[in-house]
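Chain residues, written in single-letter form:
There are 2 protein chains.
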Amino acid sequence: MAATVVSNKRVILKRYVTGLVSEDDMEVVTVEAPPLAVPAGSKTVVVKNLYISCDPYMRNRMTYHEEPSYVPDFVLGEVLVNFGVMKVISSGHQDFNAGDLVWGITGWEEYTVIDNPETLFKINHPELPLSYYTGILGMPGLTAYGGFFEVAKPKKGEYVFISSAFGAVGQIVGQLAKITGCYVVGSAGSDEKVNLLKTKFGFDDAFNYKKELDLEATLKRCFPDGIDIYFENVGGAMLDAVLPNMRVAGRIAACGMISQYNLEQPEGVYNTICIVTKRLRMQGFLVFDFYDKYYQIEEQIARYLKEGKVAYTEDVVEGLDAAPAALVKLFTSSSIGKQLVAVAREHKAEHANFI
Amino acid sequence: MAATVVSNKRVILKRYVTGLVSEDDMEVVTVEAPPLAVPAGSKTVVVKNLYISCDPYMRNRMTYHEEPSYVPDFVLGEVLVNFGVMKVISSGHQDFNAGDLVWGITGWEEYTVIDNPETLFKINHPELPLSYYTGILGMPGLTAYGGFFEVAKPKKGEYVFISSAFGAVGQIVGQLAKITGCYVVGSAGSDEKVNLLKTKFGFDDAFNYKKELDLEATLKRCFPDGIDIYFENVGGAMLDAVLPNMRVAGRIAACGMISQYNLEQPEGVYNTICIVTKRLRMQGFLVFDFYDKYYQIEEQIARYLKEGKVAYTEDVVEGLDAAPAALVKLFTSSSIGKQLVAVAREHKAEHANFI
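Residue numbers (the numbering used here), protein chains in the order written: chain A, -4 to 350; chain B, -4 to 350.
Source of the hints: derived by calculation from the structure; they are not laboratory data. Among the hints, a few may not be true.
One copy or two, either will do: identical chains are not told apart, so a pair holds if it fits within one copy or between any two.
[Said to hold, decoys possible] SDA-like mimics (lysine to any residue), calculated; alpha carbons at most 20 Å apart, straight line:
#1 Lys148 with Ala244
#2 Lys148 with Asp284
#3 Lys273 with Pro67
Because the structure is a prediction, the values reported are computed rather than measured.
Build the full structure now, drawing on both the sequences and the hints.
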């Protein structure tokens, strides 16, 4: 195989992004693939990418940071990287064999050499749609589960508000909160999403934040007795509206602040005094904080899926050529469901909409 | 005694405060004292107030709130209330006897009937200056100890920043942090305070925030490796400058935000995204959270005082007539040490400056 020239389509960062990310910030190019067989003595693995995930935090990596950010900046002219679902095609690592299905960090391309295979997770439920491992069974699912149970520490009967509730993480948090016996309200950016949150995802209530003139009053209307848990995906003005609506000893699980990622100058938050007066705990976290619990959480979520206790939607585009537009959709509120790219479909016809 | 008319000087709220509190917002009046003997069957106690404490959080209670705040608003024409040191002169409660020295919530007046004596703490170290029970052995000490050890959860070698470090709570936190083996920097509002923090209170470094043009750069200079723990007393622009200087997994113990209390419109905080990217925990607390640990903490702090391990300063004014001006001093950065009012000195000449 080493002598065969295999091409490798990939999405590269064409320029550092300022303001709203656009398709023109990326470029789809075709280069020669790396050797598809791992050299003798190497502990790397070579994967064929099946699905890659579009996630809001990638925006941060597309801007040049003078000082290192919490995740490394993407490199100009180099392939984008993010979570994906892959098939191992060659392995020098004892834990992996050719044919294994895995998920973890990979390139936005057809073939990737993974230098640190110990960061990959095995896929234990291939009977479920493989693409779910970019979402409810992958990074967003682990983030939602860990952020809700480990950081927000919910109790039955508590009042939960989730912003960007139709996002990959928000959808899952809302359903976990309902399973826990909480009262759950979500915000989203379109009437269609609001409707789906209430009908398909079991939220007690939801609102379209774009139609609300006074978010603080809206939250007061939705939560006359206040909010115990705010699962924060948005930041800025939404956080500011939430703070005065929090109950004493409330928790804010700070997962992301998507409203701020494309701004040159972030919005001010004026009501931070509420953190003192209401004795709030606001805590940030990353998915890596929960890596050691992944396989337990995978089992739990797989069970919920099979029992029909959680719903899930995806917004899948076909092929790497469509990947830049798919990433941009995250920030224009136009993805309906977990946004991902099918790079290669070779496993089975799994998109029969499981739920 | 019931037939004797005893007078009771008191400080009342004359008008609700907007903006900076001034002496004119209060008035010193003399009224008839309540009966100084508890009626048969009552479980109240009557106290003679010896020292009353001036604390920044009182400012919040002087403003009218449409919705209930975390502490009740003071009532127009009624006596101010806050922590003080008192002698029980009559008791209907089984836990207290005439002559007991106690501290807790009382009125800004000579004599007060305490309806809920179970909120009072006994003073177990009367050999120390009694006035210290308005400070290092009272509410500020308990706040500092609980906020630092229970909320910030310090580890030896960590980098600690304390704003309003010369304040009643900040001074104590800094010294507890040094005892714990942390590197400690404080901010204060005058060169005199900065100097005292470094010479008398053992801070590794300190700066006068009024002389710094770029607080974010100042903190970067003081903490080239970042801040593990920020003990927040100030809020607003200082919080904004701290956030980018926090280290991953840092903690912000949010005790107060004195810079904001007199503002009609609070300052914006723009760097809240750091809570996500650095996985920070920012947590508010009130002294009541630590009430159940008070007597242990009293013993620990009394031991530190006797061993000379902590220094302490007070700014004492004499008599209730001077109380309004003393409260205003808190907000003009002109108190040097714990601000309090000696209402009556009858115990002993304890102000020999213990340390």
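Checked hints:
With identical chains, the CA atoms of Lys148 and Ala244 are at most 20 Å apart both within one copy (12 Å) and between copies (18 Å). Taking CA atoms no more than 20 Å apart as the test, Lys148 paired with Asp284 passes in both settings, with 15 Å inside one copy and 19 Å between copies. Proximity of Lys273 and Pro67 under a CA criterion of 20 Å is satisfied inter-copy only: 13 Å between copies versus 36 Å inside one chain copy.
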